Structures are given as structure tokens and as C-alpha cells.
Amino acid sequence: MSLPSGHTTGHTDQVVQRRARCWDIYQRRFSSRSEPVNPGMHSSSHQQQDGDAAMHGAHMDSPVRYTPYAISPYNRKGSFRKQDQTHVNMEREQKPPERRMEGNMPDGTLGSWFKITVPFGIKYNEKWLLNLIQNECSVPFVPVEFHYENMHASFFVENASIAYALKNVSGKIWDEDNEKISIFVNPAGIPHFVHRELKSEKVEQIKLAMNQQCDVSQEALDIQRLPFYPDMVNRDTKMASNPRKCMAASLDVHEENIPTVTSAGEMDKWKGIELGEKCADRSPVCTTFLDTSSNINSILELFPKVLCLDGQQSPRATLCGTEAHKRLPTCKGSFFGSEMLKNLVLQFLQQYYLIYDSGDRQGLLSAYHDEACFSLSIPFNPEDSAPSRFCKFFKDSRNIKILKDPYLRGELLKHTKLDIVDSLSVLPKTQHDLSSFLVDMWYQTEWMLCFSVNGVFKEVEGQSQGSVLAFTRTFIATPGSSSSCLRNNQCDYVRAPHVLAWPKMYFPVTEPGDLAGAKKPKPNSQG
Amino acid sequence: MRKYRSHWSQGDREGYQRRSNYYEGPHTSHSSPADRTREEVVTPTLPGHAATRSQMATSLDFKTYVDQACRAAEEFVNIYYETMDKRRRALTRLYLDKATLIWNGNAVSGLDALNNFFDTLPSSEFQVNMLDCQPVHEQATQSQTTVLVVTSGTVKFDGNKQHFFNQNFLLTAQSTPNNTVWKIASDCFRFQDWSSS
Chain A
1 MSLPSGHTTG HTDQVVQRRA RCWDIYQRRF SSRSEPVNPG MHSSSHQQQD
51 GDAAMHGAHM DSPVRYTPYA ISPYNRKGSF RKQDQTHVNM EREQKPPERR
101 MEGNMPDGTL GSWFKITVPF GIKYNEKWLL NLIQNECSVP FVPVEFHYEN
151 MHASFFVENA SIAYALKNVS GKIWDEDNEK ISIFVNPAGI PHFVHRELKS
201 EKVEQIKLAM NQQCDVSQEA LDIQRLPFYP DMVNRDTKMA SNPRKCMAAS
251 LDVHEENIPT VTSAGEMDKW KGIELGEKCA DRSPVCTTFL DTSSNINSIL
301 ELFPKVLCLD GQQSPRATLC GTEAHKRLPT CKGSFFGSEM LKNLVLQFLQ
351 QYYLIYDSGD RQGLLSAYHD EACFSLSIPF NPEDSAPSRF CKFFKDSRNI
401 KILKDPYLRG ELLKHTKLDI VDSLSVLPKT QHDLSSFLVD MWYQTEWMLC
451 FSVNGVFKEV EGQSQGSVLA FTRTFIATPG SSSSCLRNNQ CDYVRAPHVL
501 AWPKMYFPVT EPGDLAGAKK PKPNSQG
Chain B
1 MRKYRSHWSQ GDREGYQRRS NYYEGPHTSH SSPADRTREE VVTPTLPGHA
51 ATRSQMATSL DFKTYVDQAC RAAEEFVNIY YETMDKRRRA LTRLYLDKAT
101 LIWNGNAVSG LDALNNFFDT LPSSEFQVNM LDCQPVHEQA TQSQTTVLVV
151 TSGTVKFDGN KQHFFNQNFL LTAQSTPNNT VWKIASDCFR FQDWSSS
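Chains A and B, in that order, give the protein sequences.
For reference, each letter of the first sequence is one residue, going 1 to 527 in the numbering used here.
For reference, each letter of the second sequence is one residue, going 1 to 197 in the numbering used here.
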């Protein structure tokens, strides 16, 4: 199970160089003790692990909770940096709403918002990109809610003239592959993160702002004078499709008071797959992206959730209770230590599940180390009443919380690849939904890679045919056995990892009804 | 469930049986929570493991590592979630200095950041329904005894709705002649919510 050849290092080298340049900036993101967990880890892989904000910054339904009103914009140099040493985005020092409402605009209104989009910006790290734009932009700007969406990067700004200035930067900046970077600007309505900050006692101000906002037609006219590419407009997947409903819920304002926000009209969704067609007449950045990693590109399309991260709910923290200052961090999508490892892991998963779902799992023998382990668990006590479709798994389920017999504990842990593949072969036939996969790469050294996959699959035969189950699977992998792998640390895992210990696969409780209605991420391609 | 016992019962072994306290011994007996003043996960040291990594005994068979992994996992899970729920400030004692946590996709690295993180997390009520573990092969760990622990269940954070969760830990062992202390090298936590809400 080797990876396809044609893996290019040119792009990777430049990526590493870029990371090296940004390394000092990223020192602040991590604690002073964030040396590799295993001291044997090579320094370059350490850089890789930390430097790739493109993956760290990928957001989902409820992204960074930024409080744009907390600090005056003119004092906000560099404040778009994440606050503390972790990647956790939490609202900690929130100013009270009264102060938040003032200050941004001289007349106390909210101003109008514009969404700034950099196509294919997912390749760029946030800090680097924003610095680059700011250096070229004639006015200072404050990017709000920077996030990655599908394949591109976006943020909001709160002023039409700033938006115009940013539009002028388009095509005047280049990335490290010497490709022009484009910038697109669209009116954005009132972004949802603004909704949350507003309290009901500010309804009148909000109404006033809405009316001004919906002179967006006036603003729109200004924007229309710009080189504006309507077909590049993207649906803001975080906003409700009907922003009126969204705002009414949070502001408790009667719906009839909220005028139509024109930006919520029909927007074409960015079609990630059709990069070639869309960009034939655009900047060469498109074709470069395709050329260096066309195979990766097609693989990434299988895992849209990894990129666009729709569908994962974030917990709704409330302000009640004695711990009002404590918040659950925003839930984010897949976490990878580096671009290189991300691609490797995704390729591995794609190949693995291709075989796993093929009907003959003997092909997995080449994936497993001779002395690998495998076990399976479901979080049920079999003596509870549980959905009958889990019954067939009970006899193989290893839950040592309830299973105390050491003999059985030993029996249910499969050891050696032959035993493992034999066990896997008798499990029901499945069809895994790669678009549902959420992957966490949570430990890496020179010798070991640990990652967990959360997703759903369907049973495709037997009594439970059609039923959808959720699973979590944890892999521990070591590099392929060739010694040439270890020489160059960047290529540690170029060869397909051998799954060494495959500790777990389990199926939490789900009812088919739930999953049928479950929010699924929209794949990059429409339909 | 009864109908599956015939698959499991073999030889002299009894079938599936629930026992609340299989392992005996001073280190792993389940004393009441009030007795535990230290947040440490401790198990008896395997023969030949008293020294550090270089002297990993190779004569022990796989079964022994499996048993050791199970002991460590059980002891660990009991202590970890209770500490998380009731003595949150002591939780980072269970982590190595350079441990990392990936919490719903958020990366937290090093003890300072972990302390910070757990301090800002609302208070919790964990219910663990499932626990599994495996010894990790020494080739992957360069002979540093390591156990993979996987848990799942439900959790309610103050001010939030209840979530299903699953969590993985890598525990590494520091062995002395008398006992082995286990600490978390890495931790990965995810809500497991697949509902349509």
C-alpha cells in the first residue's frame, strides 16, 4: 500500500521556508515548553508541526468569537493574533455590551461589513497573509473573524473605504511561488458574530443600524464601481440562509422591523472541484495549486469535512450560572500537525477504507505491522436494553470497564496482523462516508503517529442493511520499514504507515433517524 | 446477552461475569476518594522493569503487557475523571511537562497552557461508559513503556448541554523498583455528537 509517486517536494520546501520565516511569529502561539513531547523528535518536524496555520485555522459553524468592539480599531495593531498561548479561541475579557456598541464609528452606529476573500487562501498561513496584505494596503485595516472556508481564506472588515482599499491590493501581492494573490470583496450584511454581542436593550440602535445597513444598496453601488466578480461570491456557510430569522432569534426584535439584507441573496457556492474551469482566466495561482498536488487535491475532495468543517456543532455556552466567565472553547474541525502529515494521513485513510469497504479485507494485511493490536468496543452494557443492531458486536466488544475476566480481556484483544485481518473480515460489510470524517492527529514522533478518526458508515448487507452507525477509530502507525524513510525527517511517513496498534473501533449510540437528519458537511462540489 | 456466553466460555473459564474489584494489591485497591491525597496513577512494577527504558525486559510475553495495560488504564481512568470533576486544579499533575492535548480540535501544549486551559473550562460531570486499552509496541515508543487508553461516555459542562464524548490518552510509565507511575503524554478529546440538532 504505497503512496502514489509524483509526490513533489518543491512545494513542500517552499512551505517549510515560509514556515521558518513565520516561526518567530508563532512562538507566541505555544507555551515556552512546547518542545516536542519526545525529545528525540527532529527539529524540522517540530517546525512543521507548529507552523501550519492553514490547518489550525480551519473553522466550522461557530468560528472564532472575536469582539471587535472591545478595543478601538486604531489601537489594534496586531490584535488579530490569537490571544493566548493555545489555539483555543475563548472570549475571556469581554467588555460589556454598552462599551462594545460605541467607538467604532463616530456616530455610534455599527458600520457596514464587508467580507474579504482570498481564493485558495487555505494554502497561506493567517499571519503571513494578513501581513502581506497590510503591507500593500494603503489604509490600516482590522481583519475580523479570519477563517478558512472551503479552499479559501476570508475575513470581515467594517468599512466600505477599507474594503475598497483592500480590493485595490488584489493582484499586487505575490505568494512564495511567485503567484499573484487575488482579493475579492463582497458586502456581508451583519455577520453573525456581531449578533451575539448585542443585547436586547440595544434594539433601537440595532434598528437604526439595520436601516443604515440596508442602505447597503447605496454601499453596493460604491462597491459595484470596483472590479467585483459576482461569480466569486461565496455563501457564508456560517450564516443562516435566512439572516432575518437568525438575527431575530438573537436580538429578540420583531421580524417585521428588520429590513431585507441584500447580501443574503442568492450566492453561488464556491465549487472547489472545478478549479481548472473557474480559474482558467484567473491568476496562475490556481494552476500552480493544481500542478503541485493534483492528486492530493482529489483526495482532499473526499474529505470535505476536513476542509470546510461544516456539520460539527459547537457547544453553546451560556452566561448563566456561577461560572459565567468560563466558556467552552470553540469546537474546531480536524487537527493535523502539518500539511505533509495531513496529506499522508488522508491518503492512508482513503486507501484503507477503499479496501475495508471493498468486500475483501485481506488486502489490509499489508497495512498492519506483524505485531499490531486491534480491539473493538461499544459503549453499551450488553445486559442493558440496547438497539438490537448492536448485538452482533457484543461478542467482540472489549469494554474493560465492565469486563473483568483477564482471559476474556486477552482474547478480545487481537494480536498479529493475521488475527486482526481475520477478525476484521468477519465484521459486517460497510460503506464508510469519507465526507463525514473528522480526523485528529494527536501525537507524533519520528517513530510513531497517532490519529483518530470520527465518522459514520453504513451497513450494506444483512439484517441491518442501511443502518448508519457512528464510529471512532484510533490508529497508531509507524513509518514503513525502509531505512531511507528515516534519513529525511520530512519524509518520515512518505511510505504508507504500517498500522501498529489499532486500538479501537466503537459505535456510540445513534438512532438511524438521528443520522438521517444529521447535518452533513457540504462537499466542495455542488451536488 | 446470555446467548453469547457460549461463544466466550472455553475450557475451565467461567463465562462473562462482573466483578467489581479484580485486581488486589495495595496500589490498586480502590480506596475511598477521601483517602486519595495524591493525584498519581500507580501500578506495581513488572519484573525487570525497575530501571529506565534501556532495561526493558524482553522475556515478558505479550500477555503480561496486556495485563499491565489494563491495570494502568483502570487505575488511570478512575483517578483522571474524578480529579477532572472534583479537583480540577490538580489535574495537570497527571500530565507530563511536555504533554499535549487536542480538545475538539484545539491544541494545548505544555503544563502552563494546560493549567490555563483546565482553569477556564467550566466544571464538569463525566460519566464514563466505555474503557479500552492496548499496550503500544516498543518499536513505536523506543522502548518507553506506553499504553493507549480509550474512553467514551457522556459529559455535562456547567452551562452547556450534555455531550457524548470520546477520549484517547497515551500513558507513559516511569518505573522504580517499587512501583510504576503513569503520566499522560498526549490526550485527544472530542465531543461525539451526531444528532440533527
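One should not assume that every hint holds.
Unchecked claim - Within a straight-line C-alpha distance of at most 16 angstroms, the following computed EDC-like cross-link-like pairs (lysine to aspartate or glutamate) qualify: (1) A:Lys401 x B:Asp67; (2) A:Lys429 x A:Asp405; (3) A:Lys326 x B:Asp97; (4) A:Lys401 x B:Glu75; (5) A:Lys395 x A:Asp357; (6) B:Lys63 x A:Glu371; (7) A:Lys326 x A:Asp370; (8) A:Lys127 x A:Glu176; (9) A:Lys404 x B:Glu138; (10) A:Lys404 x B:Glu75; (11) B:Lys63 x A:Glu411; (12) B:Lys86 x B:Asp112; (13) B:Lys86 x B:Glu138; (14) A:Lys326 x B:Asp119; (15) A:Lys458 x A:Glu411; (16) B:Lys63 x B:Glu138; (17) B:Lys183 x B:Glu125; (18) A:Lys326 x B:Asp85; (19) A:Lys429 x A:Asp357; (20) B:Lys161 x B:Asp112; (21) B:Lys98 x B:Asp85; (22) B:Lys63 x A:Glu179; (23) A:Lys180 x A:Glu136.
Derived from the structure by calculation, the hints contain no laboratory data.
These figures come from a predicted structure and were not determined experimentally.
Is it true that the CA of A:Lys326 sits at most 16 angstroms from the CA of A:Asp370? Cα-Cα ~47 angstroms, so violated.
16 angstroms limit on alpha-carbon distance, applied to hinted pair A:Lys180 and A:Glu136: Given pair A:Lys180, A:Glu136 holds - Cα atoms ~13 angstroms apart, limit 16 angstroms.
Would the pair A:Lys429 and A:Asp405 pass a check requiring their Cα atoms to be no farther apart than 16 angstroms? violated (30 angstroms)
Tell me if the straight-line CA distance from A:Lys401 to B:Asp67 falls inside 16 angstroms. holds (14 angstroms)
Could you grab the alpha-carbon distance between A:Lys458 and A:Glu411 and see if it respects the 16 angstroms cut-off? Measuring from Cα to Cα gives roughly 27 angstroms; hence the hint is violated.
For a C-alpha distance cap of 16 angstroms, please report whether B:Lys86 and B:Asp112 respect it. Answer violated: B:Lys86 to B:Asp112 is near 20 angstroms, above 16 angstroms.
For a C-alpha distance cap of 16 angstroms, please report whether A:Lys404 and B:Glu75 respect it. Distance of about 13 angstroms is within 16 angstroms: holds.
Regarding the pair A:Lys326 and B:Asp119, is the alpha-carbon distance no greater than 16 angstroms? holds (8 angstroms)
Pair hint outcome, B:Lys98 versus B:Asp85 [Cα-Cα no greater than 16 angstroms]: violated (23 angstroms)
Is A:Lys326 within 16 angstroms of B:Asp97, Cα to Cα? violated (24 angstroms)
Does the structure keep B:Lys63 and A:Glu371 at a Cα separation of 16 angstroms or less? holds (13 angstroms)
So if I understand the rule, the pair passes when the alpha-carbon distance is 16 angstroms or less; does B:Lys63 with B:Glu138 pass? Given that 16 angstroms is the threshold and the Cα spacing comes to 15 angstroms, the pair holds.
The structure fails to meet hints 2, 3, 5, 7, 9, 12, 13, 15, 17, 20, 21, 22 from the earlier list, while all remaining hints are met.
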